[in-house]
Amino acid sequence: MSTVTLKSVSKSYGKVKVIHGVDVAINDKEFVVVVGPSGCGKSTMLRMIAGLETITDGDLFIDDNRVNELEPMDRNIAMVFQNYALYPHMSVYDNMAYSLKLAKLAKSDIQDRVNKAAELLQLSEYLDRKPRQLSGGQRQRVAMGRAIVRKPAVFLFDEPLSNLDAKLRVQMRLEIRKLQRELGVTSVYVTHDQVEAMTLGDRLMVLNDGVVEQFGTPIELYEQPATLFVAEFIGSPSMNIVSANANGHQLTLTNGTQLESSTSASGPVMLGIRPEHIVQDTTGNLLVDTGMVEQLGSNTLVHGTLSDDNTPVVYSLPGIHTEQSLGEKMRLGVSQDSIHLFNSDTGQRIMS
Amino acid sequence: MEKRVTFKGKKLPLLLILPQVIITAVFFFWPAGQAIYQSAFIPDPFGLKSQFVGFDNFTFLLSDKYYLAAFTTTAIFSSLVTVVSMGVALWLALMADRIIKGSSAYRTLLIWPYAVAPAVAGVLWLFLFSPNIGLASWYLEKLGYQWNHTLNGGEAMGLVVLASAWGRISYNFLFFLAGLQAIPKSVIEAAAIDGAHFWRRFWTIVFPLLSPTTFFLLVVNIVYAFFETFGVIHTITSGGPQQSTTILVYKVFSDGFVGQDLGSSAAQSVILLLVVGLLTILQFKFIERRVHY
Numbered sequence: 001m002s003t004v005t006l007k008s009v010s011k012s013y014g015k016v017k018v019i020h021g022v023d024v025a026i027n028d029k030e031f032v033v034v035v036g037p038s039g040c041g042k043s044t045m046l047r048m049i050a051g052l053e054t055i056t057d058g059d060l061f062i063d064d065n066r067v068n069e070l071e072p073m074d075r076n077i078a079m080v081f082q083n084y085a086l087y088p089h090m091s092v093y094d095n096m097a098y099s100l101k102l103a104k105l106a107k108s109d110i111q112d113r114v115n116k117a118a119e120l121l122q123l124s125e126y127l128d129r130k131p132r133q134l135s136g137g138q139r140q141r142v143a144m145g146r147a148i149v150r151k152p153a154v155f156l157f158d159e160p161l162s163n164l165d166a167k168l169r170v171q172m173r174l175e176i177r178k179l180q181r182e183l184g185v186t187s188v189y190v191t192h193d194q195v196e197a198m199t200l201g202d203r204l205m206v207l208n209d210g211v212v213e214q215f216g217t218p219i220e221l222y223e224q225p226a227t228l229f230v231a232e233f234i235g236s237p238s239m240n241i242v243s244a245n246a247n248g249h250q251l252t253l254t255n256g257t258q259l260e261s262s263t264s265a266s267g268p269v270m271l272g273i274r275p276e277h278i279v280q281d282t283t284g285n286l287l288v289d290t291g292m293v294e295q296l297g298s299n300t301l302v303h304g305t306l307s308d309d310n311t312p313v314v315y316s317l318p319g320i321h322t323e324q325s326l327g328e329k330m331r332l333g334v335s336q337d338s339i340h341l342f343n344s345d346t347g348q349r350i351m352s
Numbered sequence: 001m002e003k004r005v006t007f008k009g010k011k012l013p014l015l016l017i018l019p020q021v022i023i024t025a026v027f028f029f030w031p032a033g034q035a036i037y038q039s040a041f042i043p044d045p046f047g048l049k050s051q052f053v054g055f056d057n058f059t060f061l062l063s064d065k066y067y068l069a070a071f072t073t074t075a076i077f078s079s080l081v082t083v084v085s086m087g088v089a090l091w092l093a094l095m096a097d098r099i100i101k102g103s104s105a106y107r108t109l110l111i112w113p114y115a116v117a118p119a120v121a122g123v124l125w126l127f128l129f130s131p132n133i134g135l136a137s138w139y140l141e142k143l144g145y146q147w148n149h150t151l152n153g154g155e156a157m158g159l160v161v162l163a164s165a166w167g168r169i170s171y172n173f174l175f176f177l178a179g180l181q182a183i184p185k186s187v188i189e190a191a192a193i194d195g196a197h198f199w200r201r202f203w204t205i206v207f208p209l210l211s212p213t214t215f216f217l218l219v220v221n222i223v224y225a226f227f228e229t230f231g232v233i234h235t236i237t238s239g240g241p242q243q244s245t246t247i248l249v250y251k252v253f254s255d256g257f258v259g260q261d262l263g264s265s266a267a268q269s270v271i272l273l274l275v276v277g278l279l280t281i282l283q284f285k286f287i288e289r290r291v292h293y
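Top to bottom, those sequences are chains A and B.
One point on numbering: in my numbering, the residue at position 177 of the first sequence is 177, and numbering is uninterrupted.
One point on numbering: in my numbering, the residue at position 140 of the second sequence is 140, and numbering is uninterrupted.
Just so you know, the hints here were simulated from the structure itself, not pulled from any lab data.
Do not rely on the hints blindly, as some may be mistaken.
[To be verified] DSBU-like cross-link-like pairs, simulated, lysine-lysine; straight-line CA separation at most 35 Å:
| # | chain 1 | residue 1 | chain 2 | residue 2 |
| --- | --- | --- | --- | --- |
| 1 | A | K17 | B | K101 |
| 2 | A | K107 | A | K29 |
| 3 | A | K15 | B | K101 |
Using the sequences plus the hints, can you model the full thing?
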């Protein structure tokens, strides 16, 4: 049983505030992914939970204990670093046993735990090797093993997959997810990769400039992004955003195109449509000049612009198409349920 | 795949290594050869003729109790200089690595002593500890301690060790600091999370990872203590009192240029060469194995 609770936690370096009062409660056994662009403060937040950075203001609780002033070693956490941070002069076994030796466990206990972790991570035959004799994926596993053997209350991951190649990353992603389910340890995972975030997290926290933009399940974030930032950040390719004028359910785009939305608003708004929700429709209202085409095999991405306007529009069509087969202009349609509206000043989602 | 650059003829490569060969020949092989040659002769008291004696200079030296005492003195002196200069430098580097504010000022200041020539450093320390006018000895006297390194061999040794190590600390500090900064911060943080306090982290993580630097400095410092400390010893104690600070290299000088016994002096330098060579080989053989690159 372990929960992590942040109560208006903030961080400043001198006068520069990098984390602005984060309030988050992470449940027991939950896998929370903190995602955001570089420099948004996500790593700083993780390091504050780990105790590697001081907390300027606010309270951090692990279970019911306030741990602000505790040393990292007393917080009962384990961390997996981006560069693995293995001890290069120690064998795989010693790397994993290090914390247990420091905790003065019996030698047989240490052996038990390390062997079990090695088995779980398919490292049994590498226990005598030095980290430099291992491949990137194996090093990653050793770093995980080092975290597992301690049986910590919380796992912290700081972009652990970003040094691996694309294929290995997908594989390790699945392994981490599986492992976390099996062990049932509360986890906080930091990444800038939104695909990683969507696939791993029970819940995602989107961080931007030290502010939590939204905290929810991946599907909530995808279907109902709370802000323009989340709308653009989650989903690949990212959501099309165009400005429009609303009059109830009726929307007028800058080039005069009329669209209908299930939510209603009035005055200038920002309108968001995901590329995969735009369909070919000969009766549709959206007229687009087709441009560059990216063929992905299962579908085709078209980078076009609104007719009589230079607003870019990206949409995804199933199957394989070429610039010739699509023609210069296309008529497209959007269902009114897949239109997201945002306040053009605050960027907040318009709900009604 | 052949990755080396190959030359077509032999002229160009020979020409390119020629400057280095000339320098080595003029400043190393020729004097070393001269020393070996001279070590087989004894000059007459007026320095006009010399007589071939074979290995007699060596056999005499190895049974000379003053020469053997110089061996012990050298061993004590070099170990102390190496340990003090490396120990203090490592401690300073650890501290300088930890602080954030004003670290560059500390670093600059700590590097300055390296620019001071050994003889000048010797004079500085000589003034500080001069039994009559020295600042340090004045304070020591206030504390009830009579400092006089011109009479007390132990004090003399302490002073030359201090002066020699002092100039060396900067150099060692620089290397240790660079070594410390090359250790990834995340490794230290991982150890902190794993439950190791500062000194535990130092002994189990930092020190082993620093071992290439430490080994390099060990070799370099021992060579330094054997040879380059001459200036310090010459200015502070001139080997005295009662030969208590006469290390091998100082005896080479005093027997050869003060005592005018060039044969014995040459034999001593040959022995010194062998000793330092052997010591370096031993270090590479036995200590380097424990170094983690």
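How the hints compare with the structure:
no. : hint              : in the structure
1   : A:K17 with B:K101 : holds (20 Å)
2   : A:K107 with A:K29 : holds (29 Å)
3   : A:K15 with B:K101 : holds (16 Å)
Of the hints listed earlier, there is not a single one the structure fails to meet.
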